[in-house]
Structure formats: structure tokens, C-alpha cells
Amino acid sequence: MNRLGSATSPYLLQHAENPVDWWPWGEEAFEEARRRDVPVLISVGYAACHWCHVMAHESFEDEGVGRLMNANFVSVKVDREERPDVDAVYMTATQAMTGQGGWPMTVFATPDGQPFFCGTYFPRPNFVRLLESVTTAWRDQREAVMRQGAAVVEAIGGAQAVGGRTTPLTAEILDAAAVQLAKEQDEMYGGFGGAPKFPPHMNLLFLLRHHQRTGSESSLEIVRHTAEAMARGGIYDQLAGGFARYSVDATWTVPHFEKMLYDNALLLRVYTHLWRVSGDALAGRVAAETAAFLLDGLGTPEGGLASALDADTGGVEGATYAWTPTQLGEALGEDGPWAADLFGVTATGTFEHGTSVLRLARDVDDADPAVAERWTRVRARLREVRDRRPQPARDDKVVAAWNGLAVTALAEHAMVTDDGITARAAREIGAVLAERHIVDGRLRRVSRAGVVGAPAGVLEDYGAVAEGFCALHQLTGEGRWLELAGRLLDAALAHFAAPGGGFYDTADDAERLVTRPADPTDNATPSGLSAVVAALTAYTALSGETRYREAAEAALATVAPIVDRHPRFTGYAAATGEALLSGPYEIAIVAAGGGADELLQAARQYAPPGAVIVAGAPDQPGVPLLADRPMLGGKPTAYVCRGFVCDRPVTEAGELVAQLRGIRGK
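Read in our numbering, the sequence shown has 822 at position 427, and its numbers run on one by one without any break.
In case anyone wonders, no lab produced these hints; they're calculated from the structure.
Every residue, glycine too, gets a C-beta built ideally from N, C-alpha and C.
Accuracy of the hints is not assured; some may be wrong.
Only pairs whose alpha carbons sit at most 16 Å apart, straight line, appear in this in silico EDC-like list of lysine to aspartate or glutamate [as the list claims (entries may be wrong)]:
1) K578 to E623
2) K1030 to E1050
3) K1030 to E993
4) K1030 to E1047
5) K578 to D959
6) K578 to D535
7) K1030 to D992
Restraint-style ranges between C-beta atoms, simulated for each label pair [unchecked claim]:
8) A742 to M541: 57 to 65 Å
9) F1039 to A566: 21 to 29 Å
10) G559 to T941: 24 to 32 Å
11) D761 to K1030: 36 to 44 Å
12) A577 to D736: 42 to 50 Å
13) D835 to E945: 23 to 31 Å
14) A742 to E582: 24 to 32 Å
15) Q996 to H961: 34 to 42 Å
16) T941 to M583: 44 to 52 Å
17) R1056 to W446: 49 to 57 Å
18) G836 to R784: 43 to 51 Å
19) P894 to D761: 52 to 60 Å
20) M583 to P1013: 34 to 42 Å
Generate the whole structure from the sequences, applying the supplied hints.
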């Protein structure tokens, strides 16, 4: 066994029995490289990564490859989800050197950490030749290697620089961003771009809010079309709910089967709010099923949510999920042909070896009750059969940022649907983050099996968890969640802020890497900047403390030029910009001893984009929105405010709905 046997990361543990003498990331590895005067080989991946498994089987489990690596390198294995800061630095280098990036990421660096050759997946013969070539270059061309490393570090330092051009994120920029997204959409199949096609959750959230602010029907139609196409496609698990990471084609038919917590948390928000805004039955069903997947498929015994389900089952991608017509017949009997037609399972297949990934080829949400009942029965039977198949592995580490995204999504779903199960889950996950991941006032990135890990939280952790705590404050009316959010945001402003309004992704007292990462663009998850800005915006509306709004606006000004040019990569920032333009509105519902259900339901149904809503007794401690707002005539009373300046308070749900419907265009 190498040095990974005591790791908490499931990804590192997958490599603990390799013949490679792996080191975990740390100064000790680089000191060993300096002592031996050899390069460092940094291999970055994550537990659910298919091609990471392939390279492991081909190369890292091979005795001969292990001997080459051990003789000529200090080899370091990094879980990108545990150390996103390390991943960000070397991914920037990989993209700079090769024009592309991905995982597994393979980086050769000097003993000081300067990358001089980067790549991704290498088949075993190519990898062996690469090891031999780098060894020769290190021995015979050391000066050139060192110059290359210094040049790469200079280049990535410039790519990650802060303090560029700033401009306010205006309505004009957001309007133009919505128009640009409309031009870039795939009008036939939904989404943006071609294969591989990723769920554009953050852009959809932006377009939903844009529709709410402006009344743009085209923005709403883009969301509706894309949401329906994904939900009917193979990228969506038609039996158990939840979305895969991406589709390998442009039609959402065949997924890359890994399921990530962050995708499903963000998509839960999209489908919840699409249902809230439009009443679309499919959106409501998919939101409920996605919430159920988060809890049933990713829930951990300690109350948090696991990171991912693997793409592979026993080394075969998609083995758990694919079907043939014969298998459907064996499982369902006379319902088999009907199910094959409904789910698009053909004799030739849509996937590999004549198998098909289940899609929803017919409408069921508005179907005749007898059809819907048959579909429910068939789906339950297929799920029962599938559950007896071998199942994909699960990466059960709890990542703070992704659990924060899930808390927000579950809390919003609970508020919109009055679902007690998702409300309870949001509170339980929030408690795990508050009690386990906050250590001495600072966030830790990961925990596993109830034990918090050593990696420090990065900016996205502070933003996503603080936003989640703001959502819990609204869900529960408890002041402690708002207080916790404020503490995290104070820490973010103190330790991550950059000159000119931006943010670094790592704290000022974090481990020093070859450059300090600061990426403002939204990728698979919201950028750290976008996540913190969203939390600052919600916290301002809930607390009335304007300095947090000022910080949010200054940070958005640093990313506004990117929103203007590349809106597909700034969806979360643009969604928060919509909330700020709208107000965001503050809706306070005061009631002593309950009785405010109708007002609360109306507020949650018709709230403008990014609005915050709190209900409780007048002057309830720890809840600023309820301060100095009395009940009128002893009745539950609603206050609709913007910047803590309120419209006429109302006591009837119909009056509140009229106020909220009249907000658009103000």
C-alpha cells in the first residue's frame, strides 16, 4: 500500500493499492522531489470520472508503469473536488498549454510546483513514452525545462489576475445577454451548443428571472423547451429521478452516466421555479423527483449529501441503466412492448451493444388517468428490477459548497410546494454544515463519515453555504441561520476580497500555490465570486445592512464585461444581477400564533425574482424583516418592501397578489 491508505477522499482511496508510490498533495511530496532531484507528476481526478478509471486500470495499476513512475518522479494524487484550488491552478496551465482541459489531468512540474508539461488522459503506450521523454528532458535539458515552467507560471498568473475592467451590471447588459442566449440556443433540441451537451442550469435560472422582471416570453420559452427536452431525454433518470452529468449527443439521448450533487441541486431550483412561474406539470413532477433523488440517492447517514454516483458499474459505463426490449418483456410481461414504445427502447438500441437508455417518448403528465396509472406501475416495476442489478459506486464525501447549493434548492422547493420532507432535509443538511464544517469560525471544504477533513474552504464554499443559510432563515424564521450567514460573509470579505471589488478563490492565509486562483466565470458550478455575490444579495435583503449590497455590486461590476460578451459562462452572476435590479424585494408576513398560511402561500407563489420572504411574530428576535412591522387590526399582515421602504401593508391574500403582480416593470 502507498501513502493514500489513510486518505478521507474516496478517489484517493481508489488508488491506495496501486503499485505507484503515490503521495497526497502536500509540502512533504515537493520536499521529497527536491531531495531526490526529480520532477513531480501531479495526477488530478475525481471518484466518479470514467476516464480517470480507464487511465488507472491501464497505467496506474500496471507494475511496469509503476516502476517507471517510482524511479523517476514523485507522484502526487489529487482529488479535484477536495482541492479545487490545486485543480484550478493546474487546469489553467493545462488549458494554456494544450487549448483544452479535462480529467484525468496529468501535470509534470518542478519540485517548486511550476508546471512544464500538461495533458489529460494518455493511453498506456503514450503515457509510457511520455514518462521516458520527460525523464530524459529533466536529465539532459534541465535549463529549458525550468524556463518552460517559469513561462507557464507567468502565463497562468496573468490568466487568473484580478483588477481588470469594471462596469455596472445594468439592465441593458442583462437584456442583451438574454438576447444573445436566445441566438445561441438549440431551437430543435434545447440547450446551448452541440455534443457533448451539459445542462445549462445557471443560464436557465437567469432566463427565468429575466422573464419575471421583464415579461419576456421568449426567455420563458427557452427555459420551458430546454427543461422539457432534458426531462424527456436519457440524461434524466426516468425511473429514479435525477440528472446525469451531460449528454454525449446533442439530443439528450445518451448520458455520461455519472450523477453529480451540484447539477441536481441547481436543476432542482430551475424546475421548482419553472413550475412556480408557469404551472407546468412536467416541471413540478421533475422537481419533486429530483428532490427525492437527492435524499434517497445521495443522502448520508450523518445527514449530509454525498458528492456523486459513478459513471461506471463494475468498470462498465451505464451497465445499471440500459435496457433491451427483451429485458423489458422479462420484467413486465405483457406491458413490455408498451413500455418499449413509451421509453424509446428499440431492437437496434440507442446505446451500446443493442441496449437503450430510457427516454420519455410520450406525454404522461397530462395523459389520461389510466395511462398515467399504467406508467406509474410500469416504472415502479422497472425500478424494482433495476435495483437488483449491480449499482454504481458512490463518492460519499460531503462537499460544503455543493451541500450549500442543495440546502438552497431544497428550502426553495419546500417553500414553493409546502413539502415537509424537503423542508426537514434542508434543515438537517444545514445543521451538518453548521456543526461539522465550521471550525473556529472558518469553513472546511469536505467531511466524510462524520469526520471533517483538513482542506480549507474556498470562496465557493463560503458563498454557497451562506446562501443556503439565508434560505434556511426564510424557511424557518430562525435568527441563527441569518447570524451564521453573516459570519461566513464577514470571513469571505476579510480573507478573499481583492482590490477593485473582485475576489480570490483562496483565502489570504491559505496554502500558497504557484499562483493565487481567481476565476470569475461560472462553469459546472457557480464561480466563487457568483456564489458570494448571491449570498451577499440575499443577506442584504434579509438584514438591511447595505454594505453587503455595496460589496455585491462592486463584485458584479468586475464580471459585467464578461456577462456582456460571454453570457453562457456567467449565468449565476446574471441571475443575481436580475435579483439586484428587481430589488430584491423583501416580503415580511407578520402573524402572532399562525394564521398567515394564505398570505405566505401567495408571497411564495408570486414573489419577484430573487425576493426574500420571512414570516413570523412581530419583532421576533433575530429576524430584522419582522422588526417594527405590526399586525393591522390584529390580522396577519404582509409588507412588500424594496430597500426596506414598504408599500401599503395588506391583510388579504388577494391584495398581496395584486401588489406582487404589479411589480413587473417598476
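What are the numbers of the hints that this structure violates, sorted from low to high?
Going through the list in order, the structure violates hints 1, 6, 12, 20 and respects the others.
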